[in-house]
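Student: In case you want the letters, here they are:
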Amino acid sequence: MILKIEEKGTVVLIEVKEERLDAHNSGELKTQMLTLFEEGKNDIIVDLQDVRFVDSSGLGALVSGFKNASARNGNLKLCGLQHQVKSMFELTRLHRVFEIFPDSTEALASF
Amino acid sequence: MNEKIEVDIKVPNQTRYLGLIGKIGEDIARTLKKYKGDREELAYHLNLVLTEAMANAIRHANEGNPEKEVHITITILDRILNIKVYDQGQGFDVNALPATPDFKNLEEHGRGIYIIRTLMDRVTYQKHAHGHVLEMEKTLI
Chain A
1 MILKIEEKGT VVLIEVKEER LDAHNSGELK TQMLTLFEEG KNDIIVDLQD
51 VRFVDSSGLG ALVSGFKNAS ARNGNLKLCG LQHQVKSMFE LTRLHRVFEI
101 FPDSTEALAS F
Chain B
1 MNEKIEVDIK VPNQTRYLGL IGKIGEDIAR TLKKYKGDRE ELAYHLNLVL
51 TEAMANAIRH ANEGNPEKEV HITITILDRI LNIKVYDQGQ GFDVNALPAT
101 PDFKNLEEHG RGIYIIRTLM DRVTYQKHAH GHVLEMEKTL I
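Chains A and B are the protein sequences, given in the same order. Anchor point for the first sequence: position 27 equals 27 in this note's numbering, and the numbering is continuous, going up by one each time. Anchor point for the second sequence: position 128 equals 128 in this note's numbering, and the numbering is continuous, going up by one each time.
Treat the hints loosely; a few may be bogus.
[What the hints assert, rightly or not] Sample of chain B residues at the chain A side, in silico, Cβ under 7 Å:
id : residue
1  : Leu18
2  : Gly19
3  : Tyr44
4  : Thr51
5  : Ala55
6  : Phe103
7  : Leu106
8  : Glu108
9  : His109
10 : Gly112
[Claimed, not checked] Below 30 Å or equal to it, Euclidean Cα-Cα: the simulated DSSO-like pairs (lysine-lysine) are:
id : chain 1 : residue 1 : chain 2 : residue 2
11 : A       : Lys86     : B       : Lys138
12 : B       : Lys23     : A       : Lys30
13 : A       : Lys4      : B       : Lys23
14 : A       : Lys30     : B       : Lys68
15 : A       : Lys86     : B       : Lys84
16 : B       : Lys138    : B       : Lys84
17 : A       : Lys17     : B       : Lys10
18 : B       : Lys33     : A       : Lys86
[Unchecked claim] With beta-carbon atoms standing in for the labels, derived distance ranges:
id : chain 1 : residue 1 : chain 2 : residue 2 : range
19 : A       : Glu28     : B       : Pro12     : 15 to 23 Å
20 : A       : Ser70     : B       : His128    : 37 to 45 Å
21 : A       : Glu99     : B       : Lys4      : 44 to 52 Å
22 : B       : Lys10     : A       : Thr105    : 44 to 52 Å
23 : A       : Asp103    : B       : Lys104    : 27 to 35 Å
24 : A       : Asn73     : B       : Lys34     : 53 to 61 Å
25 : B       : Gln126    : A       : Gln82     : 33 to 41 Å
26 : B       : Gln126    : A       : Ile2      : 37 to 45 Å
If you are wondering where the hints come from, they were derived from the structure by calculation, not from laboratory data. Think of the CB as a built atom: it goes at the ideal place given N, C-alpha and C, for glycine as much as any other residue.
Assemble the whole structure, with the sequences as input and the hints as a guide.
Tutor: Written as structure tokens, this is what we have:
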């Protein structure tokens, strides 16, 4: 899977450069986030602007990242959700769990 | 004339084929002659239920064995959309899963079947000759 990872001060911005985040590739995102946590980088933004489709495994990977970040007194925030992707968060009530921003600039400013 | 569409496809038991099957579901939603609802929403939902059902078959029923295969049929007749996903495994107890996930405790897993049940009108999981079949049906508007 293609992930663009950039450090913005103490925050790490992960841009998911894939059309789908699903049972095929979401494990790689989860592993990448675990690597960042092991390096002590606990404040993460996941930018989903290129993602057109998310399934329950994709949501599961983001939940995993959120829980790990919180357990380390960090935070995982989301941005750039397309309309249908946002509906998935609403269907599974995860929109009440994650802080969701329109774009990475606003997400960065919130830390 | 009634619109009748039948798609019958078999793919190896590997998650790399999820996108292909999901795309077929999307294209069907966009092609339907008489559908009056939001086509892009239906496209996403068909992509999603196919992806979820197939991922379940690959991971849980066929236990990730790449030598096995997943057989999918999609039929639309008289506004009834029927999807069957056949696996070659021992099956799992679909009724043992909670009807709704535990929203309070933030679990990583357990949303797939909930999503299918929410988006489709009728969902069953039964034995067939060489494994099990997850059948989903929905009346289209």
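Student: So, as I understand it, the hint says threonine 51 (chain B) touches chain A; can you test that by seeing if any CB pair is closer than 7 Å?
Tutor: holds (5 Å)
Student: Does the Cβ pair aspartate 103 (chain A), lysine 104 (chain B) satisfy 27 to 35 Å?
Tutor: Hint holds: Cβ distance 30 Å, inside 27 to 35 Å.
Student: Would the pair lysine 33 (chain B) and lysine 86 (chain A) pass a check requiring their Cα atoms to be no farther apart than 30 Å?
Tutor: holds (28 Å)
Student: If you draw a straight line from the CA of lysine 30 (chain A) to the CA of lysine 68 (chain B), is it 30 Å or shorter?
Tutor: holds (27 Å)
Student: Taking the closest Cβ pair, is glycine 19 (chain B) under 7 Å from chain A?
Tutor: holds (6 Å)
Student: Per the CB criterion, is phenylalanine 103 (chain B) less than 7 Å away from chain A?
Tutor: Cβ of phenylalanine 103 (chain B) sits 5 Å from chain A, so the hint holds.
Student: The hint says 44 to 52 Å between lysine 10 (chain B) and threonine 105 (chain A); measuring C-beta to C-beta, is that right?
Tutor: holds (47 Å)
Student: Are glutamine 126 (chain B) and isoleucine 2 (chain A) spaced within 37 to 45 Å by their CB atoms?
Tutor: With a Cβ separation near 40 Å, glutamine 126 (chain B) and isoleucine 2 (chain A) satisfy 37 to 45 Å, so the hint holds.
Student: Are glutamate 108 (chain B) and chain A close enough, Cβ to Cβ, to be under 7 Å, as the hint says?
Tutor: This hint holds: glutamate 108 (chain B) lies near chain A, its Cβ roughly 4 Å from the closest one there, short of 7 Å.
Student: Using the nearest Cβ pair, does histidine 109 (chain B) come within less than 7 Å of chain A?
Tutor: holds (6 Å)
Student: Using the beta carbons of glutamine 126 (chain B) and glutamine 82 (chain A), state whether their distance is inside 33 to 41 Å or not.
Tutor: 36 Å Cβ-Cβ, so the 33 to 41 Å window holds.
Student: Check the following: the C-beta atoms of serine 70 (chain A) and histidine 128 (chain B) are separated by a distance inside 37 to 45 Å.
Tutor: Because 44 Å falls inside the window, the suggested range holds.
Every hint, counting from the list given before, is met by this structure.
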